[in-house]
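2 protein chains.
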Amino acid sequence: MEYDWSKRFSLLAQRTRPPEISWLMAQALEVPGLISLAAGFVDQESLPHEEVSRILEPLLREKSAGQAALQYGTTQGDLELRQLLVQRLRAEGVFHPAAKIDESHMLIGSGSQQVLYLAAEALLDEGDIILLEAPTYFVVLGILQSRNLRTFGIDTDADGIVVEKVEECLAALEKRGEISRVKMLYLMSYATNPLGITLAPERRKRLLALLQSYREKGYPILLLEDAAYRRLGFADPIPHPIKSLEADNDLVLYTESFSKTLSPGFRLGFGVGPKSLIDKMVDLKGNHDFGSSNLNQQLLKTILSSGTFDAHGQTLRRVYARKCEMVLGRMAETFPPQAHWLRPTGSFYTWVTLPEAWDTGPRSEIFKRALAQKVLYVPGCLCYSPDRPEAEHASSMRLCFGMIGEQQLLEGYARIARALREVMG
Amino acid sequence: MEYDWSKRFSLLAQRTRPPEISWLMAQALEVPGLISLAAGFVDQESLPHEEVSRILEPLLREKSAGQAALQYGTTQGDLELRQLLVQRLRAEGVFHPAAKIDESHMLIGSGSQQVLYLAAEALLDEGDIILLEAPTYFVVLGILQSRNLRTFGIDTDADGIVVEKVEECLAALEKRGEISRVKMLYLMSYATNPLGITLAPERRKRLLALLQSYREKGYPILLLEDAAYRRLGFADPIPHPIKSLEADNDLVLYTESFSKTLSPGFRLGFGVGPKSLIDKMVDLKGNHDFGSSNLNQQLLKTILSSGTFDAHGQTLRRVYARKCEMVLGRMAETFPPQAHWLRPTGSFYTWVTLPEAWDTGPRSEIFKRALAQKVLYVPGCLCYSPDRPEAEHASSMRLCFGMIGEQQLLEGYARIARALREVMG
Chain A
1 MEYDWSKRFS LLAQRTRPPE ISWLMAQALE VPGLISLAAG FVDQESLPHE
51 EVSRILEPLL REKSAGQAAL QYGTTQGDLE LRQLLVQRLR AEGVFHPAAK
101 IDESHMLIGS GSQQVLYLAA EALLDEGDII LLEAPTYFVV LGILQSRNLR
151 TFGIDTDADG IVVEKVEECL AALEKRGEIS RVKMLYLMSY ATNPLGITLA
201 PERRKRLLAL LQSYREKGYP ILLLEDAAYR RLGFADPIPH PIKSLEADND
251 LVLYTESFSK TLSPGFRLGF GVGPKSLIDK MVDLKGNHDF GSSNLNQQLL
301 KTILSSGTFD AHGQTLRRVY ARKCEMVLGR MAETFPPQAH WLRPTGSFYT
351 WVTLPEAWDT GPRSEIFKRA LAQKVLYVPG CLCYSPDRPE AEHASSMRLC
401 FGMIGEQQLL EGYARIARAL REVMG
Chain E
426 MEYDWSKRFS LLAQRTRPPE ISWLMAQALE VPGLISLAAG FVDQESLPHE
476 EVSRILEPLL REKSAGQAAL QYGTTQGDLE LRQLLVQRLR AEGVFHPAAK
526 IDESHMLIGS GSQQVLYLAA EALLDEGDII LLEAPTYFVV LGILQSRNLR
576 TFGIDTDADG IVVEKVEECL AALEKRGEIS RVKMLYLMSY ATNPLGITLA
626 PERRKRLLAL LQSYREKGYP ILLLEDAAYR RLGFADPIPH PIKSLEADND
676 LVLYTESFSK TLSPGFRLGF GVGPKSLIDK MVDLKGNHDF GSSNLNQQLL
726 KTILSSGTFD AHGQTLRRVY ARKCEMVLGR MAETFPPQAH WLRPTGSFYT
776 WVTLPEAWDT GPRSEIFKRA LAQKVLYVPG CLCYSPDRPE AEHASSMRLC
826 FGMIGEQQLL EGYARIARAL REVMG
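Residue numbers (our numbering), protein chains in the order written: chain A, 1 to 425; chain E, 426 to 850.
Think of the hints as simulated: they come from the structure by calculation, not from any bench.
All C-beta atoms, glycine included, are put in the ideal place defined by N, C-alpha and C.
It is possible that part of the hints are untrue.
Unchecked claim - As a list, the in silico DSS-like pairs of lysine-lysine whose alpha-carbon atoms are at most 30 Å apart:
#1 A:K63 to E:K525
#2 A:K7 to E:K525
#3 A:K301 to E:K726
Claimed, not checked - Computed beta-carbon distance windows for the label pairs:
#4 A:P18 to E:R442: 29 to 35 Å
#5 A:L84 to E:A746: 38 to 44 Å
#6 A:R15 to E:G732: 43 to 49 Å
#7 E:P811 to A:G177: 36 to 42 Å
#8 E:P811 to A:Q87: 40 to 46 Å
#9 A:L84 to E:R743: 34 to 40 Å
Produce the entire structure from the sequences given, and follow the hints as far as they go.
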């Protein structure tokens, strides 16, 4: 018998659970022919294998560039890549014109996920408080739970997080003498996972002003602005990020991922923010892995500077907008009238809510019927901070139209409709 | 003024310091024409850019394989890659014939560094105890310090870690009632960094037997066997790893890196060990980054199965053995008679010790003269656990003959010789 190391785990390890989504995926493997609308994978068909192949081959063939790409890079990330990204971001209006931001304020990570993890590791001790949207990106909840943090879910509506609710929450924490424990507000500012909504411009301003007022009172709270889907919006103009409203590069750590906009296979993303924080995250990353794949960073640099990245972004917006219209049409035709959903502003999630009487959780009748119909979804309850009322958790579902092809998608949504109708009548 | 986030750092972040080696590297940048024998980078000239280019291009060009390589992989690592690696390791004698080991016992990480970090995160709480060689791989010391662990450095000689000293250390800890806090023994079993020595076969057996006796007493201690340099030994036969002596896959987490044997640019390595530990490390990795670059894993699979990897290993052993003889020759010719060194059994480090009167530390006269001679080395003091006596720290140096070309190497070692002679007469 192998020794069971669980008896020796650290406290952090004991609190780290396999993500619920793993359990969902395992279900998927056991049901042949199942269509998964659960995983947040990207459109397979548009993955730019030819473009990457065309760029990679000469890059590696040339001796000096090829060997440099195969050598170690730096922990913070390739200098020229960071320079190129900062320059692009400035041109796109991501930074305030007065903000003094250069490549030293940026860290390249193994996906924006790692940037998020490093920010949490840099700032958060047990018992610290973090605010986030309700519902939010469920993977973040797992990270926070493993660190024994207290999370507060804030109401959202079709315009994004409700700033008055953030204000109320902070005021209540201040009254209870806990405001100094609030270290971070995490939010997605574009086409959120799971709601598909984009934070309204006017709320961006008010949210930053609110955090600035707390900073002035001596309580700086980091705003982790996850802009993973900024480049996957369906309609122009896309509002500028919260980062762009900040003249002093003070409170906002802005992150993007190349997983959704280019390829998850590269495992690259970045964070840009206050230097003191970035420097510490670099030190932490040095302990983690010395830096993300240098080969992939060299590749990415060429993909960015050749125009391939921007052209591919155009394609992706078209692909997802088309898929979105298609599934919205199918939902309107087939879903029971009690079901409601938001129109996504970008990315690839639809969020369906049912009247509170109908449970969608992993042990619910609806979930079982969906599995019987050979279709999988993410139960909405996984996306809520545990402080939120249970009734709210129970009756929503995230359906992802990212990865799978159009015909399969239509069939997948139709199967969800059948499962809902079987249970709800 | 940007806000200084250091006032808000977590305890772990406060304890995480930039590695001393960063300071060394910064020095290097400021001295034009400097030859760095400090960084543990690999031979640049032999990096297989053409082979990788030849394999990558068709892999990506083909639609289905290419798009799959650009999609997300799994957190644990590509299934086929793990199967292939386990099969190869078994054929190489890395596992005990009776050991039931399959791909579920393996995790692919972003270098073996990440595997190490995840093992530490999985097992170690503040105040826990870890044993390691004196001197040891200095990056590990940084990770352990950031977690506020207690480290005990164990004597080594030309045959590796002295098992009697491990025994004494554990007995003393048992007597003090602290044995249950000992969670790990970290060691390199082949051509260690920094000593270049390979643990003698007979010591491998005794060390494992010692740990097994503690496991039977109810105190399992993980043996983290870092075999990063197993494939870079200069002489056959290479002894089997400690892992191979264990019939039950119980106490040894065995790791290898592809950074030294193929390319650091891929940022890939693996760990293989007890399932309960691997499973938890996979959960932790899910929070870190969802898994290492899938593109690089697909590439690696082809490189392994095409024979390119093994052929390249042959080349590397030849390259480093030749460089080794060369620098040993230069040392014998030019170094002052008070300097002693070990003959490396593989990899690319020479370890020089001076009589205790001569300080080699970052503020020493020798270090300053070396910089004036435009050559950089790693002061030996960085490689010792803080519990070791200070006198021992003070008078050794690590010289790496990995990255730079032969002419530069000869000049670099000659510069060290001049610096030593200037100070020591």
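Open item on the list: Could you work out which of the previously given hints the structure breaks and list their numbers from low to high?
Closed with: 1
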